[in-house]
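Quick note, the sequences are listed as chains G and U, same order. So that you can map any letter, position 219 of the first sequence is 219 in my numbering, and since no number is skipped, the others follow by simple counting. So that you can map any letter, position 20 of the second sequence is 20 in my numbering, and since no number is skipped, the others follow by simple counting.
Since the hints were made in silico from the structure, they are not lab data. There's no promise every hint is true.
If several chains are the same, the list does not tell them apart, and a pair holds so long as it fits within one copy or across any two.
As the list claims (entries may be wrong) - Calculated pairs, DSSO-like style, for lysine-lysine (alpha carbon to alpha carbon, straight line, at most 27 Å):
# : residue 1 : residue 2
1 : K200      : K14
2 : K150      : K14
3 : K208      : K22
4 : K14       : K65
5 : K65       : K19
6 : K96       : K200
7 : K150      : K230
8 : K200      : K22
In this text, all values refer to a predicted model and were calculated from it rather than measured experimentally.
Number of protein chains: 2
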Amino acid sequence: MNGNPTVEVCFSPKLYSYKLTKGSFTTVVVDILRATTSICAAFDHGVKEIIPVSGLDEAEEMKRKGYFVACERNGEIIDFADIGNSVSDFIRDDLKGQTVVFSTTNGTKTINMARDAEEVLIGSFVNLQSLAEYLISKGENVVIFCAAWKNLFNLEDTVFSGALAEILLSHGFQTVCDSALAAIDLWNVAHSDLKNYLAKSSHRNRLKHLVSDEDFIYTVTLNSTSVVPKLNGEKLELRIY
Amino acid sequence: MNGNPTVEVCFSPKLYSYKLTKGSFTTVVVDILRATTSICAAFDHGVKEIIPVSGLDEAEEMKRKGYFVACERNGEIIDFADIGNSVSDFIRDDLKGQTVVFSTTNGTKTINMARDAEEVLIGSFVNLQSLAEYLISKGENVVIFCAAWKNLFNLEDTVFSGALAEILLSHGFQTVCDSALAAIDLWNVAHSDLKNYLAKSSHRNRLKHLVSDEDFIYTVTLNSTSVVPKLNGEKLELRIY
Numbered sequence: 001m002n003g004n005p006t007v008e009v010c011f012s013p014k015l016y017s018y019k020l021t022k023g024s025f026t027t028v029v030v031d032i033l034r035a036t037t038s039i040c041a042a043f044d045h046g047v048k049e050i051i052p053v054s055g056l057d058e059a060e061e062m063k064r065k066g067y068f069v070a071c072e073r074n075g076e077i078i079d080f081a082d083i084g085n086s087v088s089d090f091i092r093d094d095l096k097g098q099t100v101v102f103s104t105t106n107g108t109k110t111i112n113m114a115r116d117a118e119e120v121l122i123g124s125f126v127n128l129q130s131l132a133e134y135l136i137s138k139g140e141n142v143v144i145f146c147a148a149w150k151n152l153f154n155l156e157d158t159v160f161s162g163a164l165a166e167i168l169l170s171h172g173f174q175t176v177c178d179s180a181l182a183a184i185d186l187w188n189v190a191h192s193d194l195k196n197y198l199a200k201s202s203h204r205n206r207l208k209h210l211v212s213d214e215d216f217i218y219t220v221t222l223n224s225t226s227v228v229p230k231l232n233g234e235k236l237e238l239r240i241y
Numbered sequence: 001m002n003g004n005p006t007v008e009v010c011f012s013p014k015l016y017s018y019k020l021t022k023g024s025f026t027t028v029v030v031d032i033l034r035a036t037t038s039i040c041a042a043f044d045h046g047v048k049e050i051i052p053v054s055g056l057d058e059a060e061e062m063k064r065k066g067y068f069v070a071c072e073r074n075g076e077i078i079d080f081a082d083i084g085n086s087v088s089d090f091i092r093d094d095l096k097g098q099t100v101v102f103s104t105t106n107g108t109k110t111i112n113m114a115r116d117a118e119e120v121l122i123g124s125f126v127n128l129q130s131l132a133e134y135l136i137s138k139g140e141n142v143v144i145f146c147a148a149w150k151n152l153f154n155l156e157d158t159v160f161s162g163a164l165a166e167i168l169l170s171h172g173f174q175t176v177c178d179s180a181l182a183a184i185d186l187w188n189v190a191h192s193d194l195k196n197y198l199a200k201s202s203h204r205n206r207l208k209h210l211v212s213d214e215d216f217i218y219t220v221t222l223n224s225t226s227v228v229p230k231l232n233g234e235k236l237e238l239r240i241y
């Protein structure tokens with residue numbers, strides 16, 4: 001390895017502590033179905049800030065304090081919450097300029113685990129290019145951290161990781177990470193027909209009755225927004241250019 | 001899922017406890033570079049039985065008791081051992097009919113972790129077809145368990161898993177496991193030029209100075225032997241047809 005920045009992909013929260021990247025790094029959290037796609041959608045539609053919380057107790061406490069709360073477990077909205085974590089839940093005029101508390105099965109836990117990174121960003125197909133451009137301009141080591149499904153590898157987070165890793169490698173980043181190489185190969189298998197490729201994933205099938213076709217098409221559409229959400233203390237905010 | 005047997009792939013020892021397979025199942029342990037390839041080579045060349053031990057202390061104690069000991073850590077032979085875990089270490093006439101104690105960085109620990117399965121088998125490219133035929137004839141659920149590299153996903157174990165999973169799915173097995181689907185896609189990317197595909201893997205590069213070209217070519221050659229090693233109590237033995 002020379003001085004070029006590195007890219008590594010982590011397939012599960014249970015593998016994050018074994019990552020090879022040392023020193024200063026940026027972590028991109030990925031939970032394509034659905035947390036990180038919905039976070040991008042929310043910011044794209046004017047939400048001001050999102051507070052990710054891991055536990056249900058904490059989410060319910062925030063609700064009691066008067067916050068607007070988005071909360072799901074196993075894909076379904078929790079009873080005390082205002083909305084779940086569907087993309088379409090966040091696309092509503094009354095959330096413009098507002099703060100949303102957000103808790104999901106896999107995504108928000110992953111965001112909170114990633115706090116060892118110097119900077120934590122949110123990645124999804126819808127903001128792929130803007131995210132990649134920011135990472136390239138920054139030139140720091142990157143860890144792409146898949147939220148997975150209950151700790152197990154999933155296709156949709158992996159294929160996105162491959163898309164991002166491929167752009168970074170084409171801009172001088174390096175890797176010694178087999179997960180990144182595999183993810184890039186899977187992206188190349190998938191990308192000409194991303195929707196049908198991901199339709200076979202176990203998690204898509206798990207969520208089929210919960211994710212509308214409209215939301216799924218939004219999810220697999222590349223670069224529909226230029227937002228790059230980043231963690232700032234306890235909150236996700238829009239990175240300002 | 002109907003009553004057909006299932007196949008699942010586990011990419012790391014740290015993910016094994018999260019596997020989806022329930023009830024009775026057979027686990028295939030995979031550590032292509034190099035433990036499970038070397039175990040197949042050893043049985044193919046007449047070794048009678050192999051005792052896998054996880055710890056160095058245990059291996060050294062077995063050496064003191066007079067056993068022939070194969071032992072490596074991080075790819076290099078340990079000083080008290082008779083041999084390391086290269087394929088070529090096991091291809092020698094004086095081991096015919098003998099017992100070998102075996103301890104490696106990833107492979108033997110994985111074998112010992114797999115003891116929750118009803119049956120534990122050893123898989124590598126060199127015994128792929130025989131192993132698949134046995135699993136098909138048995139018709140039980142299968143978990144393909146990659147030894148990985150210090151808990152991290154690796155390409156060579158994954159591509160083998162895909163090769164095996166693809167055969168099983170073509171014989172009526174089913175899967176709801178994204179790891180299996182990804183492994184099959186990677187096998188299809190790799191298989192027309194397996195040697196060069198795996199030459200890019202991080203672990204192959206890590207071991208380049210330790211794995212001879214001859215051993216590597218043996219490793220990526222399909223179906224050179226019909227041995228199916230299986231765990232029987234504390235020992236690996238040849239499954240008798």
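Tested hints:
no. : hint          : result
1   : K200 <-> K14  : both (24 Å within a copy, 25 Å between copies)
2   : K150 <-> K14  : both (10 Å within a copy, 13 Å between copies)
3   : K208 <-> K22  : between (39 Å within a copy, 23 Å between copies)
4   : K14 <-> K65   : neither (33 Å within a copy, 39 Å between copies)
5   : K65 <-> K19   : neither (38 Å within a copy, 39 Å between copies)
6   : K96 <-> K200  : neither (35 Å within a copy, 48 Å between copies)
7   : K150 <-> K230 : within (24 Å within a copy, 31 Å between copies)
8   : K200 <-> K22  : between (35 Å within a copy, 22 Å between copies)
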